[in-house]
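Protein chains in written order, with my numbering: chain A, 1 to 176; chain B, 1 to 176.
Because the hints were derived from the structure by calculation, they are not lab data. Even glycine gets a Cβ: it sits at the ideal position worked out from N, Cα and C. A portion of the hints provided could be inaccurate.
Distance windows between CB atoms, simulated [claimed, not checked]: (1) Ala121/A with Arg101/B: 20 to 30 Å; (2) Arg170/B with Asp168/A: 40 to 50 Å; (3) Glu111/B with Pro25/A: 21 to 31 Å.
Non-contacting residues of chain A with respect to chain B, defined by C-beta distances greater than 12 Å in every case (computed) [what the hints assert, rightly or not]: (4) Arg28; (5) Val106; (6) Val112; (7) Ala122; (8) Asp124; (9) Glu157; (10) Arg161; (11) Ile172.
A partial selection of chain A residues facing chain B, derived with a Cβ cut-off under 10 Å [to be verified]: (12) Ala58; (13) His60; (14) Leu64; (15) Gly86; (16) Ala88; (17) Gly92; (18) Val103; (19) Met105; (20) Leu167; (21) Asp168; (22) Gly169.
There are 2 protein chains.
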Amino acid sequence: MTADDVTDNSEGVCRPPAEVPASPPPPRPTAERVRDTRELLGREIDCWVATTDPATGAPHLVPLSFDWDGRAMLLSTGERSVAGRGLASGAGVRIGLGATRDVVMVDGSVEVVPTAALESAAADRFAQRTGFDPRETSGSYLFFRVVPSRIQAWREENELRGRDVMLDGRWIASDD
Amino acid sequence: MTADDVTDNSEGVCRPPAEVPASPPPPRPTAERVRDTRELLGREIDCWVATTDPATGAPHLVPLSFDWDGRAMLLSTGERSVAGRGLASGAGVRIGLGATRDVVMVDGSVEVVPTAALESAAADRFAQRTGFDPRETSGSYLFFRVVPSRIQAWREENELRGRDVMLDGRWIASDD
Numbered sequence: 001m002t003a004d005d006v007t008d009n010s011e012g013v014c015r016p017p018a019e020v021p022a023s024p025p026p027p028r029p030t031a032e033r034v035r036d037t038r039e040l041l042g043r044e045i046d047c048w049v050a051t052t053d054p055a056t057g058a059p060h061l062v063p064l065s066f067d068w069d070g071r072a073m074l075l076s077t078g079e080r081s082v083a084g085r086g087l088a089s090g091a092g093v094r095i096g097l098g099a100t101r102d103v104v105m106v107d108g109s110v111e112v113v114p115t116a117a118l119e120s121a122a123a124d125r126f127a128q129r130t131g132f133d134p135r136e137t138s139g140s141y142l143f144f145r146v147v148p149s150r151i152q153a154w155r156e157e158n159e160l161r162g163r164d165v166m167l168d169g170r171w172i173a174s175d176d
Numbered sequence: 001m002t003a004d005d006v007t008d009n010s011e012g013v014c015r016p017p018a019e020v021p022a023s024p025p026p027p028r029p030t031a032e033r034v035r036d037t038r039e040l041l042g043r044e045i046d047c048w049v050a051t052t053d054p055a056t057g058a059p060h061l062v063p064l065s066f067d068w069d070g071r072a073m074l075l076s077t078g079e080r081s082v083a084g085r086g087l088a089s090g091a092g093v094r095i096g097l098g099a100t101r102d103v104v105m106v107d108g109s110v111e112v113v114p115t116a117a118l119e120s121a122a123a124d125r126f127a128q129r130t131g132f133d134p135r136e137t138s139g140s141y142l143f144f145r146v147v148p149s150r151i152q153a154w155r156e157e158n159e160l161r162g163r164d165v166m167l168d169g170r171w172i173a174s175d176d
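I would like the entire structure built from these sequences, with the hints used as guidance.
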């Protein structure tokens, strides 16, 4: 068991009885979690974006809308914003999607894409999905393409084991 | 307008039309946001906790349960976990509560409280609320008391202005 396993298990057990079924459903197999995770990425519009403020090292968190193209999450925020500077800093990003009892956690690398440099189809899709077109902000906004390296998905404590659905950028295909 | 205002305004505009009312309700006055925020802190059980990994400077994010005593948020996680080490690092914490379209964002300082050092009443309340008693983990868990310094509350873009409901640890009493 890695330190990370200790980590996330120890982080996952705080669950109020009111919301924990008397007998929680059995943990989903990996293949089901992968399907659920891909479906959530395609359905959800907002996510919680955690970055590190490069000026202070302090954690930052803000809800942002995103578009998932099947391989990466496209975000946009102001280039001067704390989130924008954090996303551009190279310190990485960690993103939470879904409900706190049905989470998908994404760790990824960030590619900064000037609004004028993004393919029109992707920018159009982002604008349609989010109702906001960063191309109309005359350069004060940037796109950020988050390529997931690791994705985890769990509901209650009994799903902490086997919560990795992507490692090293590859979806885990089975429960092995 | 401070850089922070630029920040959060620029972060807040990504909103999909599907979820934005044709004519969004008028922004809540500060006093109403303060009431709503206190009510949410008392009602919610889970929150999104963003920290900085002291080992790497990378952002970390995890959902944790909490208890609000009217002045501070009490959290608990493993002392070896990434969140636990980040909370203890002195880099601060940023916590998101509620929905992405009705958010409360808390920036605060963190006090580490060994499980044996917390007053029994507070620890009992935490255990009852979260269904998890860190005192039974024989020292592998810690309590973390997050004292808010700044709290913001907003729904849609028209509430980004005036989103501060607490500054310097003081609730804002009016719209001045």
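Evaluation of the provided hints:
About 27 Å separates the C-beta atoms of Ala121/A and Arg101/B, a value consistent with the hinted range of 20 to 30 Å. Against the hinted window of 40 to 50 Å, the Cβ-Cβ separation of Arg170/B and Asp168/A comes to about 47 Å, which satisfies the hint. With their beta carbons about 37 Å apart, Glu111/B and Pro25/A fall outside the hinted range of 21 to 31 Å. The non-interface label for Arg28/A is consistent with chain B: the shortest C-beta to C-beta separation is roughly 18 Å, beyond 12 Å.
Residue placement check: Val106/A does not keep its beta carbon more than 12 Å from all beta carbons of chain B (closest about 9 Å). The claim that Val112/A is not at the interface with chain B holds, since no C-beta of that chain comes within 12 Å of its own (minimum 15 Å). With a least beta-carbon separation of about 15 Å from chain B, Ala122/A lies farther than 12 Å from that chain, consistent with its non-interface assignment. Listed as outside the interface, Asp124/A is consistent with that label: its C-beta sits roughly 14 Å from the nearest C-beta of chain B, beyond the 12 Å cut-off.
In this structure Glu157/A is not separated from chain B by more than 12 Å, as the shortest Cβ-Cβ distance comes to only about 9 Å. The claim that Arg161/A lies off the interface holds: its Cβ sits roughly 16 Å from the closest Cβ of chain B, which is beyond the 12 Å cut-off. Once the 12 Å rule is applied to beta carbons, Ile172/A is consistent with being away from chain B; the minimum gap is 20 Å. Interface restraint check for Ala58/A: the shortest CB-CB distance to chain B comes to about 5 Å, inside 10 Å, so the restraint holds.
At about 6 Å, the closest approach between the beta carbon of His60/A and any beta carbon in chain B falls short of 10 Å, and the interface hint on this residue holds. At about 5 Å, the closest approach between the beta carbon of Leu64/A and any beta carbon in chain B falls short of 10 Å, and the interface hint on this residue holds. The criterion of a C-beta within 10 Å of any C-beta in chain B is met by Gly86/A, whose closest approach is roughly 7 Å, and the hint holds. For the restraint placing Ala88/A at the interface with chain B, the shortest Cβ-Cβ distance is roughly 13 Å, beyond the 10 Å limit, so the hint is violated.
For Gly92/A, the suggested interface contact is upheld, since its CB lies about 5 Å from the closest CB of chain B, less than 10 Å. The criterion of a C-beta within 10 Å of any C-beta in chain B is met by Val103/A, whose closest approach is roughly 6 Å, and the hint holds. The closest approach between the C-beta of Met105/A and any C-beta of chain B is roughly 7 Å, which is under the 10 Å cut-off, so the hint is satisfied. Hint on Leu167/A is violated. Least Cβ distance to chain B is approximately 17 Å, over the 10 Å limit.
For Asp168/A, the suggested interface contact is broken, since its CB lies about 16 Å from the closest CB of chain B, more than 10 Å. Here the hint on Gly169/A is broken, as its CB sits about 17 Å from the closest CB of chain B, past 10 Å.
Violated hints for the displayed structure, listed by number in ascending order: 3, 5, 9, 16, 20, 21 and 22.
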